[in-house]
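Here the protein sequences come in this chain order: A and B. Heads up: the first sequence begins at 23 in this note's numbering, then just goes up one per residue. Heads up: the second sequence begins at 82 in this note's numbering, then just goes up one per residue.
FYI, nobody ran anything at the bench for these hints, they're computed from the structure. There may be inaccurate statements among the hints.
Calculated Cβ distances over 10 Å to all of chain A for the following chain B residues [unchecked claim]:
#1 T143
#2 D157
#3 S167
#4 L170
#5 H173
#6 G211
#7 D249
#8 V256
#9 S329
Some but not every residue of chain A turned toward chain B, in silico, with C-beta under 10 Å [what the hints assert, rightly or not]:
#10 V67
#11 E69
#12 R70
#13 E200
#14 D215
Even for Gly, the Cβ is constructed at its ideal location relative to N, Cα and C.
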Amino acid sequence: MTRSIPWLARLASRFDLWWIPRAIVLGLLAFAIFGPLTNLLLWTVAERWYFPHAMPLDYGFSYWERVFSPRGTAMESLANSVVVASMTVMASMALAVPAGYALSRLELPFRALILLAFLVPQAFPNLPVYVNIARLFYQLGLNGTVTGVVLVHVTHGLVYAVWIATAAFSAIDTELEEAARSIGASALRTFRDVTLPLAAPGLLASAIFVFLESLDEFTGSYFVGAPDVNMLPLLLYTASAGGNYQIASITALLLLIPSVGFMLVVERFLRSDVLSKVGH
Amino acid sequence: MGKNDFVSVEQISVGYGKTTVLDGLDLSIRKGEFVALLGSSGCGKTTLLRALAGFVKPDAGTIRVDGEDVTRLPPDRRGMALVFQSYALWPHMTVAQNIGYGLKLRGTPRAGIDRRVGELQELLGLAGLGSRKPTALSGGQRQRVALGRALAVDPSILLLDEPLSNLDARIRLKVRHDISALQKRLGITAVHVTHDREEAMVMADRIVILDAGRIAQQGAPEEVFNRPASPFVAAFMGAENVIALNGSVGGGRIAIDASDANAKAILPLDGRNLKSGGFEARFRTEGAQLIDDGMPVSEAVDALDLFGHVEAASYPGGAWRHSVRVGDDIMLIDAARPCAQGQAVRVRIPAKNLFLFNQQGRDSRPQPSSLNEGGAARVLEASHA
Chain A
23 MTRSIPWLAR LASRFDLWWI PRAIVLGLLA FAIFGPLTNL LLWTVAERWY FPHAMPLDYG
83 FSYWERVFSP RGTAMESLAN SVVVASMTVM ASMALAVPAG YALSRLELPF RALILLAFLV
143 PQAFPNLPVY VNIARLFYQL GLNGTVTGVV LVHVTHGLVY AVWIATAAFS AIDTELEEAA
203 RSIGASALRT FRDVTLPLAA PGLLASAIFV FLESLDEFTG SYFVGAPDVN MLPLLLYTAS
263 AGGNYQIASI TALLLLIPSV GFMLVVERFL RSDVLSKVGH
Chain B
82 MGKNDFVSVE QISVGYGKTT VLDGLDLSIR KGEFVALLGS SGCGKTTLLR ALAGFVKPDA
142 GTIRVDGEDV TRLPPDRRGM ALVFQSYALW PHMTVAQNIG YGLKLRGTPR AGIDRRVGEL
202 QELLGLAGLG SRKPTALSGG QRQRVALGRA LAVDPSILLL DEPLSNLDAR IRLKVRHDIS
262 ALQKRLGITA VHVTHDREEA MVMADRIVIL DAGRIAQQGA PEEVFNRPAS PFVAAFMGAE
322 NVIALNGSVG GGRIAIDASD ANAKAILPLD GRNLKSGGFE ARFRTEGAQL IDDGMPVSEA
382 VDALDLFGHV EAASYPGGAW RHSVRVGDDI MLIDAARPCA QGQAVRVRIP AKNLFLFNQQ
442 GRDSRPQPSS LNEGGAARVL EASHA
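Construct the complete structure from the given sequences, taking the supplied hints into account.
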């Protein structure tokens, strides 16, 4: 058959026919990733859009005005979210750096058990845990305060922070520290001059994870923070629950800003070869 | 412990869990001396070095430097500097920063650091590389940066943990001489850990051979090489050919009984502490002559003759290496000319090349190590011919 139509054989040999399924898979993947994002972008500028229309009927920025109006809570929520996320990062790292170092360097008994213990808060369904925390915080007067929300986020973020920090410190050859000790550096000085700079990429990665996790966290923020401390995910939830897709989309877009910002930081400071060492 | 000792290690014991690594070891080192700790892997040489450096806490014993007990001092307060096998250069610092770090720690002014780093770079052949990162250097250059970093702090004792084992064979030969020349010039006391016999011989004033956490023998290179104190040391120093003999000691002589494998021989005792009975005899590949047994043979004077057959011959360079079967044993013997396969030969070993020991248990041979692997490789090499 190939002999009767040689041009087909030539074509097949010139173009690898495998590109067809590959292209289909790539196309589907691209759609799965960018489809919802495009939909979200469309919703932020849609004035009117209802079934069965494939595209919005009117475009405009009136919802943006509503979100950013003095009466709107979006800016306040964004500020709250960023403040809480930053404080969570600081608190988590303050705990994770010494904990990660101890877990990677010292011959602690039950090392694996301690690492596992940080997972415990994640092992139970979030809802009952946070309801109980909310009850406890209410008694302590922490409910509805930024401190309370930060504490909840820290318990959540600490698992990433400690695990990644432990991996980052473990990746540093102890001989690099010993080399400093042997020529006169104290333990503290060695940590500052050798260990910390070498672990910095890994620690930065763990800080980023904690930051993004805190931005996204909903359940804890809802039970401990609302209605006094409003966070962006809460605003998103209220808007989409009320069927207001425009407000929800704009809020989601706002949530993307710090994420994309952080991705740029990652891109700038962390090369993939450094990132790949995390976890080794 | 003498008065001249600069470093003295007294009854040091170190164990990890249940395994004893060092077992009541004594060692003294004079100021300016270059001591090589030689042994196969697992003999405790690195542990001894790390105990000196302060990275291993001994279970018992004391380490003194210049009369001061440093056993419990942290590594940074011992005035020593350790050069690691891996070099352990800090990848986030430049060459100059690596070398100058020890001075920075001491609060040396910037200009002073720059001057000293410049001097060391000049001395070590690293001029112009100061702003490079260690990853952009060759192995030999990294090794020299590691050395420079250690020398920059003017350590009273330089500790070297197999610093040459990661270098190319050719560079290694040169660096050996460079390091020992530098050490002599600067008058630093140095302790060098290695498993390479030749490296220890070339570099050190004194060789300390360790076996299972104890000192098997110590002395000047030629002394350890020519008068090994035990079968272990003899084997470690390259006398891998071994044969069992019987004989009696008397009147400053050793009379070796004739057997199927060897002729009768009278050898000088030469002050050795030997008893009549079974002997373990060891000699080196190049320490024996090969004589064609068909020819009229002159009588052996102060030498031992073994009877054997040539099994194979190969030419590794310099001399022909013969694999000779003597009884049940295979010996490797070097000769200037090749002998035919199957030829009956005499292996003549002059008394000075024959190391005799009273027979002990079978376990007196060294544990499998890189050296023995070398021996195995030689047998293979010979049998391929």
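Verification of the hints:
1. T143: 20 Å, holds
2. D157: 5 Å, violated
3. S167: 6 Å, violated
4. L170: 8 Å, violated
5. H173: 5 Å, violated
6. G211: Check passes; 18 Å lies beyond 10 Å.
7. D249: Holds, because the least Cβ-Cβ distance between D249 (chain B) and chain A comes to about 22 Å, which exceeds 10 Å.
8. V256: At about 19 Å from chain A, V256 (chain B) clears the 10 Å cut-off, so the statement holds.
9. S329: Since the minimum Cβ distance to chain A is about 55 Å, S329 (chain B) lies beyond 10 Å and the statement holds.
10. V67: Given a least distance of 47 Å, the restraint on V67 (chain A) is violated.
11. E69: Interface hint status for E69 (chain A): violated (54 Å vs cutoff 10 Å).
12. R70: 57 Å, violated
13. E200: Given a least distance of 6 Å, the restraint on E200 (chain A) holds.
14. D215: 7 Å, holds
Consistency note: the structure conflicts with the earlier hints numbered 2, 3, 4, 5, 10, 11 and 12.
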